[in-house]
Amino acid sequence: ILNVEQSPQSLHVQEGDSTNFTCSFPSSNFYALHWYRWETAKSPEALFVMTLNGDEKKKGRISATLNTKEGYSYLYIKGSQPEDSATYLCAFANYGGATNKLIFGTGTLLAVQP
Amino acid sequence: NAGVTQTPKFQVLKTGQSMTLQCAQDMNHEYMSWYRQDPGMGLRLIHYSVGAGITDQGEVPNGYNVSRSTTEDFPLRLLSAAPSQTSVYFCASVKNTEAFFGQGTRLTVV
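Chains S and W supply the protein sequences, listed in that same order.
Sequential numbering of the first sequence, starting at 1409, is according to my numbering.
Sequential numbering of the second sequence, starting at 173, is according to my numbering.
Note that these hints are calculated values from the structure, not bench results.
Glycine included, C-beta positions come from ideal geometry on N, C-alpha and C.
Don't take every hint at face value.
Stated by the list, open to error - Below 16 Å or equal to it, Euclidean Cα-Cα: the simulated EDC-like pairs (lysine to aspartate or glutamate) are: (1) W:K267 <-> W:D198; (2) S:K1450 <-> W:D198; (3) S:K1467 <-> S:E1478; (4) S:K1486 <-> S:E1453; (5) S:K1486 <-> S:E1423; (6) W:K267 <-> S:E1453.
To be verified - Some, not all, of what chain W presents toward chain S, calculated at C-beta under 10 Å: (7) G188; (8) S190; (9) M191.
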């Protein structure tokens, strides 16, 4: 069973702080790495899809990097706002089976205090 | 835009009862999947389908059945509900590895 790990499990920051989370995944047969934002009582929504080693993606104050050789991705949030409070999930897909078969990490719960 | 429609939103079952969670998508995606979400466990894959007529087991398939008679529909069946199946269930339709999720079903088995 492929294992995707995320750290930290939870994070409490003050408004205006910058923060980052880590997603670790198997480096062999890599196909794609996703980040999702999941607000309470809602469905996960896609933030980024990354497929190439060295990829960097940015959306407003949120950015992500990818290292497929060592099997990790970082998600950065600059100047956190209360509306950034959510669980951030990463998901991994590889060539070993159906390439749309996503294996999710357990998520990082971010709470931003005003 | 309907996207992925999942019903019901909430359900309470007695141990031993059966039920079907419905999932339909209108994006013509070949790949569909069911996940369950439990505290501290993230999203765990129950079953998935790469196209009509084809299904396969995920990480936690026991106690669940699926079928895929059409591209649009991918129902999840609980044949004999157990308290361990109390969870939040998400259906997802996937294209080019991007997942589109249904609204979720909060299931409680008493």
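Structure-based check of all given hints:
1. For the proposed pair W:K267 and W:D198, the alpha carbon gap of about 12 Å is at most 16 Å, so the pair holds.
2. With a CA separation close to 20 Å, the supplied pair S:K1450 and W:D198 exceeds the 16 Å bound.
3. A distance of roughly 24 Å separates the Cα atoms of S:K1467 and S:E1478; the hinted pair therefore is violated under the 16 Å criterion.
4. Proximity of S:K1486 to S:E1453 is assessed by CA-CA distance (about 19 Å); at most 16 Å being required, the pair is judged violated.
5. For the suggested pair S:K1486 and S:E1423, the alpha carbons sit about 10 Å apart, so the restraint of at most 16 Å is met.
6. Taking the CA atoms of W:K267 and S:E1453, the gap is near 14 Å; set against the 16 Å cutoff, the hint holds.
7. This hint is violated: W:G188 has a C-beta 29 Å from the nearest C-beta of chain S, more than the 10 Å allowed.
8. Hint status for W:S190 relative to chain S: violated, with the closest Cβ pair at about 25 Å, above 10 Å.
9. Taken as an interface hint, W:M191 does not check out: its beta carbon lies about 21 Å from the nearest beta carbon of chain S, beyond 10 Å.
When the structure is compared with the earlier hints, violations turn up for hints 2, 3, 4, 7, 8 and 9 and for no others.
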